[in-house]
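Here is what each chain is made of, one letter per residue.
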Amino acid sequence: MTRLTADDFNRLYREHARRAQGFFLRMTGDSMLAEDLTQELFTRLWEHRSRFDARQGEFTTWMFSVAYNLCKNEYRHRSVARTWDAAPTATEYAQDASAALEREEKKKLLAEAVQHLPDGIREVFLLRYEEELSISDVAQILRIPEGTVKSRAYTALKTLQQQMKQY
Amino acid sequence: MAIKKNETVNGQQLADLEAESAEMLTMLHEQREEENARLEVPERTFTEPTKNSQSVRMLRFSPGWMAAALVIGFAMGFAMPRNNRSLLSDDSYTLAGDTLNGCSVACGDINTALLVSM
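Listed in order, the protein sequences are those of chains Z and E. For the first sequence, our numbering gives the first residue as 1, with consecutive numbering after it. For the second sequence, our numbering gives the first residue as 1001, with consecutive numbering after it.
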């Protein structure tokens, strides 16, 4: 097993901290909490770096596994109140949209729609399509069968497509 | 098309839907990149623990060390002159008094050890 040195780990922090913080932000909807969780995540990874074996998997898979567990703990212990407002309807957006802003508005609508996916579906969607991880990596991180990942990913895409069609 | 919960999906169906959703996924990536770029990520440096801090950790959390401190503490408590060791009364000598003295000395030893190690 190749042990991560402090230099290796500092490089990994520089490369992945922003991505992890973005993931926490999209999972919790709270920027302060996302920053705290990122620091907690890298502290844990640093403390348990001896468990990481580069030959057995990617650093990102390990990082997202721990990150996902931190999110679950947050939900469990602090009952994170999702602060998202009720999803604006497609009509509300459509009224304001001008041609120049259409794409930006679509992006906003899409982001809102993602945040309103059910938890289990959203987790799969964020890891698979926003973090661009493979089906097997997502299954490993969430500890669910690959078939379930595919089914949830399919449901997420169908749901989002239907919502975007209303736009 | 109605979406059924836990619908069985094969890889090809998913791949087809992903291809159909390409524009939507591109927009999501753009959104993600913009969002990530706006994040303030603190600078942080991780350093290897020094040998000294490793030995402090061992000293603080080693059950063996704690047990040794207790034994030494009790031994010292029992070895004290009789007129100094009873906390219960001036004249009475009781096992409880010895035990209390032993415990207090042991606690003192542990505290000292922890302070020295810090």
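Quick caveat, the hints were computed from the structure, so don't treat them as lab data. Given the structure is predicted, the values throughout are model-derived calculations rather than measurements. Don't take every hint at face value.
Straight-line Cα separation of at most 25 angstroms, SDA-like style, residue types lysine to any residue; simulated pairs [claimed, not checked]:
hint: 1; chain 1: Z; residue 1: Lys107; chain 2: Z; residue 2: Glu132
hint: 2; chain 1: Z; residue 1: Lys165; chain 2: E; residue 2: Arg1038
hint: 3; chain 1: Z; residue 1: Lys106; chain 2: E; residue 2: Ile1072
hint: 4; chain 1: Z; residue 1: Lys106; chain 2: Z; residue 2: Gln163
hint: 5; chain 1: Z; residue 1: Lys106; chain 2: Z; residue 2: Ser50
hint: 6; chain 1: Z; residue 1: Lys158; chain 2: E; residue 2: Val1041
hint: 7; chain 1: Z; residue 1: Lys106; chain 2: E; residue 2: Ser1021
hint: 8; chain 1: Z; residue 1: Lys72; chain 2: Z; residue 2: Lys165
hint: 9; chain 1: Z; residue 1: Lys106; chain 2: E; residue 2: Gly1108
hint: 10; chain 1: Z; residue 1: Lys106; chain 2: E; residue 2: Ala1022
hint: 11; chain 1: Z; residue 1: Lys107; chain 2: E; residue 2: His1029
hint: 12; chain 1: Z; residue 1: Lys72; chain 2: Z; residue 2: Ser50
hint: 13; chain 1: Z; residue 1: Lys72; chain 2: Z; residue 2: Lys106
hint: 14; chain 1: Z; residue 1: Lys107; chain 2: Z; residue 2: Glu35
hint: 15; chain 1: Z; residue 1: Lys106; chain 2: E; residue 2: Ala1069
hint: 16; chain 1: Z; residue 1: Lys158; chain 2: E; residue 2: His1029
hint: 17; chain 1: Z; residue 1: Lys158; chain 2: Z; residue 2: Arg76
hint: 18; chain 1: Z; residue 1: Lys165; chain 2: E; residue 2: Met1027
hint: 19; chain 1: Z; residue 1: Lys108; chain 2: E; residue 2: Arg1038
hint: 20; chain 1: Z; residue 1: Lys165; chain 2: E; residue 2: Leu1028
hint: 21; chain 1: Z; residue 1: Lys72; chain 2: Z; residue 2: Arg103
hint: 22; chain 1: Z; residue 1: Lys108; chain 2: E; residue 2: Met1024
hint: 23; chain 1: Z; residue 1: Lys72; chain 2: Z; residue 2: Asp7
hint: 24; chain 1: Z; residue 1: Lys165; chain 2: E; residue 2: Ala1037
hint: 25; chain 1: Z; residue 1: Lys108; chain 2: E; residue 2: Val1009
hint: 26; chain 1: Z; residue 1: Lys158; chain 2: E; residue 2: Arg1038
hint: 27; chain 1: Z; residue 1: Lys158; chain 2: E; residue 2: Met1024
hint: 28; chain 1: Z; residue 1: Lys158; chain 2: Z; residue 2: Asn73
hint: 29; chain 1: Z; residue 1: Lys107; chain 2: Z; residue 2: Leu117
hint: 30; chain 1: Z; residue 1: Lys72; chain 2: Z; residue 2: Glu102
hint: 31; chain 1: Z; residue 1: Lys106; chain 2: E; residue 2: Leu1014
hint: 32; chain 1: Z; residue 1: Lys165; chain 2: E; residue 2: Ala1019
hint: 33; chain 1: Z; residue 1: Lys107; chain 2: E; residue 2: Met1066
hint: 34; chain 1: Z; residue 1: Lys165; chain 2: E; residue 2: Val1041
Going down the list of hints, with the structure as the test:
Between Lys107/Z and Glu132/Z the alpha-carbon distance is near 18 angstroms, which keeps this suggested pair within the 25 angstroms criterion. With a C-alpha separation of about 29 angstroms, the suggested pairing of Lys165/Z with Arg1038/E is violated against the 25 angstroms cut-off. The suggested pairing of Lys106/Z with Ile1072/E is violated, with an alpha-carbon distance near 73 angstroms, which exceeds 25 angstroms. For the proposed pair Lys106/Z and Gln163/Z, the alpha carbon gap of about 11 angstroms is at most 25 angstroms, so the pair holds.
Simply put, Lys106/Z and Ser50/Z have alpha-carbon atoms about 44 angstroms apart, too far for the 25 angstroms limit, and the pair is violated. Between Lys158/Z and Val1041/E the alpha-carbon distance is near 34 angstroms, which puts this suggested pair outside the 25 angstroms criterion. Our distance criterion of 25 angstroms between C-alpha atoms is met by Lys106/Z and Ser1021/E, whose separation comes to about 14 angstroms. A hinted pair counts as satisfied when its Cα atoms are at most 25 angstroms apart, and Lys72/Z with Lys165/Z does not qualify at roughly 32 angstroms.
Restraint check for Lys106/Z and Gly1108/E: not satisfied, since their Cα atoms lie roughly 68 angstroms apart, outside the 25 angstroms limit. For the hint pairing Lys106/Z with Ala1022/E, the CA-to-CA distance comes to about 14 angstroms; that is within 25 angstroms, so the pair holds. Between Lys107/Z and His1029/E, the direct Cα distance comes to roughly 10 angstroms. Compliance with the 25 angstroms bound is thereby established for this hinted pair. Distance check on the hinted pair: Lys72/Z and Ser50/Z sit about 23 angstroms apart at the alpha-carbon level, within 25 angstroms; holds.
About 30 angstroms separates the Cα atoms of Lys72/Z and Lys106/Z, which puts this hinted pair outside 25 angstroms; it is violated. With a C-alpha separation of about 24 angstroms, the suggested pair Lys107/Z and Glu35/Z falls inside the 25 angstroms cut-off, and the hint holds. Note on Lys106/Z and Ala1069/E: the hinted pairing is violated, with a Cα-Cα distance of about 68 angstroms set against a maximum of 25 angstroms. The hinted pair formed by Lys158/Z and His1029/E meets the criterion: a straight-line CA distance of about 18 angstroms does not exceed 25 angstroms.
A hinted pair counts as satisfied when its Cα atoms are at most 25 angstroms apart, and Lys158/Z with Arg76/Z does not qualify at roughly 29 angstroms. Distance hint between Lys165/Z and Met1027/E is fulfilled; the C-alpha atoms sit about 15 angstroms from each other, no more than 25 angstroms. Restraint check for Lys108/Z and Arg1038/E: satisfied, since their Cα atoms lie roughly 16 angstroms apart, inside the 25 angstroms limit. With a C-alpha separation of about 16 angstroms, the suggested pair Lys165/Z and Leu1028/E falls inside the 25 angstroms cut-off, and the hint holds.
With a C-alpha separation of about 33 angstroms, the suggested pair Lys72/Z and Arg103/Z falls outside the 25 angstroms cut-off, and the hint is violated. Only pairs whose Cα atoms come within 25 angstroms are accepted, and Lys108/Z paired with Met1024/E is accepted, the gap being roughly 12 angstroms. Our distance criterion of 25 angstroms between C-alpha atoms is broken by Lys72/Z and Asp7/Z, whose separation comes to about 30 angstroms. Our distance criterion of 25 angstroms between C-alpha atoms is broken by Lys165/Z and Ala1037/E, whose separation comes to about 29 angstroms.
Of the supplied pair hints, the one linking Lys108/Z and Val1009/E is violated, its CA atoms being roughly 29 angstroms apart against a limit of 25 angstroms. Using a Cα cut-off of 25 angstroms, the hinted pair Lys158/Z and Arg1038/E is violated, with the two alpha carbons roughly 29 angstroms apart. For the given pair, Lys158/Z sits about 11 angstroms from Met1024/E by alpha-carbon distance, which is consistent with the 25 angstroms threshold. Taking the CA atoms of Lys158/Z and Asn73/Z, the gap is near 29 angstroms; set against the 25 angstroms cutoff, the hint is violated.
In summary, the hint linking Lys107/Z to Leu117/Z is supported, as the alpha carbons are separated by about 16 angstroms, within the 25 angstroms threshold. Restraint check for Lys72/Z and Glu102/Z: not satisfied, since their Cα atoms lie roughly 35 angstroms apart, outside the 25 angstroms limit. Between Lys106/Z and Leu1014/E the CA atoms are separated by roughly 23 angstroms; this keeps the pair inside 25 angstroms, and the hint holds. For the proposed pair Lys165/Z and Ala1019/E, the alpha carbon gap of about 16 angstroms is at most 25 angstroms, so the pair holds.
For the hint pairing Lys107/Z with Met1066/E, the CA-to-CA distance comes to about 60 angstroms; that exceeds 25 angstroms, so the pair is violated. The hinted pair formed by Lys165/Z and Val1041/E fails the criterion: a straight-line CA distance of about 36 angstroms is larger than 25 angstroms.
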